[in-house]
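Peer 1: Below, each chain spelled out in residue letters.
Number of protein chains: 2
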Amino acid sequence: MQGYRGRALELLKSISAEVGDRIKMEKAERIYEGLLMPRTELGDPEHIVVKLDSGYNLGVKVDKNTKISKIGKGKRPKMGMPPTEFKPDPEKPDITIVGTGGTIASRIDYRTGAVHPAFSTQEIYNAVPELADIANIKTVVASNVLSENMTPELWTKIAETVAEELNQGADGVVVAHGTDTMGYTGAALSFMLKNLTKPVVLVGSQRSSDRPSSDASLNLIGAVTVARSDLAGVYVVMHGSTEDEFCLIHRGTKVRKCHTSRRDAFQTVNEIPIGEVREGEISLFQEVERRSEGKVKVDSKFEEKVALVKTYPNIQSDIIEDLLDQDYKGIVLEGTGLGHTPEFLYSGIEKAIERGVPVVMTSQCLWGRVNMRVYSTGRDLLQLGVIPGEDMLPEAAYVKLMWVLSHAKDLEEVRELMLENIAGEITSRSRPDIFLKPILPEG
Amino acid sequence: MQGYRGRALELLKSISAEVGDRIKMEKAERIYEGLLMPRTELGDPEHIVVKLDSGYNLGVKVDKNTKISKIGKGKRPKMGMPPTEFKPDPEKPDITIVGTGGTIASRIDYRTGAVHPAFSTQEIYNAVPELADIANIKTVVASNVLSENMTPELWTKIAETVAEELNQGADGVVVAHGTDTMGYTGAALSFMLKNLTKPVVLVGSQRSSDRPSSDASLNLIGAVTVARSDLAGVYVVMHGSTEDEFCLIHRGTKVRKCHTSRRDAFQTVNEIPIGEVREGEISLFQEVERRSEGKVKVDSKFEEKVALVKTYPNIQSDIIEDLLDQDYKGIVLEGTGLGHTPEFLYSGIEKAIERGVPVVMTSQCLWGRVNMRVYSTGRDLLQLGVIPGEDMLPEAAYVKLMWVLSHAKDLEEVRELMLENIAGEITSRSRPDIFLKPILPEG
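As you go down the protein sequences, you meet chains A and B in turn. Sequential numbering from 1 applies to the first sequence in the working numbering. Sequential numbering from 1 applies to the second sequence in the working numbering.
Think of the hints as simulated: they come from the structure by calculation, not from any bench. Any given hint could be a false lead.
Identical copies carry no separate label here, and so any pair may be met within one copy or between two of them.
BS3-like mimics (lysine-lysine), calculated; alpha carbons at most 27 Å apart, straight line [as the list claims (entries may be wrong)]:
1. Lys92 - Lys73
2. Lys138 - Lys295
3. Lys297 - Lys87
4. Lys61 - Lys73
5. Lys351 - Lys297
6. Lys61 - Lys437
7. Lys27 - Lys70
8. Lys138 - Lys73
9. Lys24 - Lys329
10. Lys329 - Lys194
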């Protein structure tokens, strides 16, 4: 009973069905009949996949009212049976899923973006059969690394692949990416993709080996739903709760992974999420760019010698000075509170700025906005020439500084660009209600 | 009408009262009569302070039912009038407030821990008159720096001051500290104070100059309430919401400042808060150590050459190698996801461990637990000898490694101690519900 589990497996066991058998399912007055197909390890526990007589694979969602019966004993299909030819439906939008790599040998692993060499349209449909109802899926591979090993070079490769697909007619693109650095890649694509008239949606899975159920299906369906919508821009679509209820849509420059393992690890910081996808429907929480016409361009010049430095009590200037010795061209500090560092760091910061190396301040609080005019420490740092990072995430500021450094002619222009909202990374005014709620015993 | 504002100021204006006038207030069938006293800039908008005929200063909370009248015209007291001699009430617990420093010239600024040279008991009572009802307050000054400039040396000084006060009879100690690095100091005191049989409570204020109202009063009252309670251990007490409703009690090793400016910036991470203080009453959400007998000891050996390094895509080994060249003795990584770093960092990590420099992994997700056995990257890092930091906050792991390095004889003992829960910094098992809730439009 390859790949089946949960309710689907119980139903199949109840009729002693095996892969290849001809089965019939009755549900809400509709009848589905076909050959029982195997599922990949990604299979959710509620779908049974049958090959219809048309040759088309269909995933039928089973619930407690589903009646199932075995019509005939079939031949077990050969392992690795040749995929059915997929016929695109001209009524449906064309979505390209871009794989970004990985080494795990399973078909597709959305945590790592890992892609099996045979990463094919049919395999995607087998894993998440619901996708066939909403889009014609095409799959391409852009890179082949674990997400922690992403580099600006690979960001460029992904951006170029995305642009090529969109410019060749895809209605939207989904980027399957490991979750570890998805926020960084989201920011990178946001700065690289110019005149982005269609949706680009990063998606991943928090599935880990100790969990029987995967969040990949709901996330992928949510991502494709957003990719075929009338939005434009770079978004991250991931679970909005720990249940398989809905996905949240996050802006690519305002999202970070805030939990090591929960399905709803991805959180929008310093604004409300863009919206949600629930049962196939998108609800927007804020107004964003809409789909339009025009070719997407890739502006991928990135200065790689940028460092992100979290400060802490007793951090010393040697940390900064070593970066200067190594010829780093820009430094993003993750300071404390409203944007402060120990005074021990001043001499290093001063040296950096004297050498034309910009120093940008963000806050390790993550929520809130840098405001360096309130206390003497902040004013001292402004005096030294530190650029206040507004309400940018440290991760977004890091990626942005890489992009800005290769586009500005001098330190003054670096400052101007860092203070300008280029890709939604800075909100003009903080909403005071945007924060996290603590979990207390009363709920 | 020095220091008055809000409802209190309105009431006083309605009777044209001036400081020094004899006034009478009637509230809930009780009558308070005395000389109207000035308030410091910390005064909340709802208390009027009168000097009773007993010489005792009393803060009367006024509400819409409070009747006020002027009994007689008084002499305006001289500015900087000599503080009334404070008579300790033997019925009340003795609490010491330890100032930790700062340069701002106001009486006391709880954000920075800034302490006016005249930081006196009477000034504390003037600022927060409610304190007189719950404790005999004594004030001492331990250090005089902005919290961003805290060092292990100053942590030691604070720990020694705290221990001295407790061992000389104080029932509890409140440490007034700047908020920027309060989490780090909370962790430091947690590791330094041994046989801690009484409560030690860090408190601060998120007040910033653009806000008319201060959170200092509620926080200080909450902190003193916890300091006089039957708890033992190091806690942080700060606002639990943006209103002046209640304070949360956080464990010193599990709390971080998560917002640059909100009153409820301090959040417990990876466990539920210890409890709350609401209207003078403590409710505990989890069982903790209780007050007992015995002298507190200070174990303040700290290895200062420890670095905290946040990783990011494209971080290179030169960052680690520079630390080794600078003779750093320990490194805490803030990796991605379950505890990963780019493979570009492996050679640096390997060199560090070969030289006997421990490398501890934490996660920049902040919430959740490091688990390096799930993916190949994690297993590679374990193979190199990286110590998995469980669910420790990076900040707490940084402070802990400083402490552990000066107590362990070799790398193996460093590993054992880092994996052992010494001061509540590691929970044995993650509660899956401990996370933040996103703020969505529907609330």
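Peer 1: Work down the list of hints and note, for each, if the structure agrees.
Peer 2: Here is how each hint holds up against the structure:
no.: 1; hint: Lys92 - Lys73; verdict: neither (34 Å within a copy, 85 Å between copies)
no.: 2; hint: Lys138 - Lys295; verdict: within (20 Å within a copy, 71 Å between copies)
no.: 3; hint: Lys297 - Lys87; verdict: neither (30 Å within a copy, 76 Å between copies)
no.: 4; hint: Lys61 - Lys73; verdict: within (22 Å within a copy, 83 Å between copies)
no.: 5; hint: Lys351 - Lys297; verdict: neither (37 Å within a copy, 43 Å between copies)
no.: 6; hint: Lys61 - Lys437; verdict: neither (35 Å within a copy, 30 Å between copies)
no.: 7; hint: Lys27 - Lys70; verdict: within (15 Å within a copy, 81 Å between copies)
no.: 8; hint: Lys138 - Lys73; verdict: neither (33 Å within a copy, 87 Å between copies)
no.: 9; hint: Lys24 - Lys329; verdict: neither (65 Å within a copy, 67 Å between copies)
no.: 10; hint: Lys329 - Lys194; verdict: within (24 Å within a copy, 46 Å between copies)
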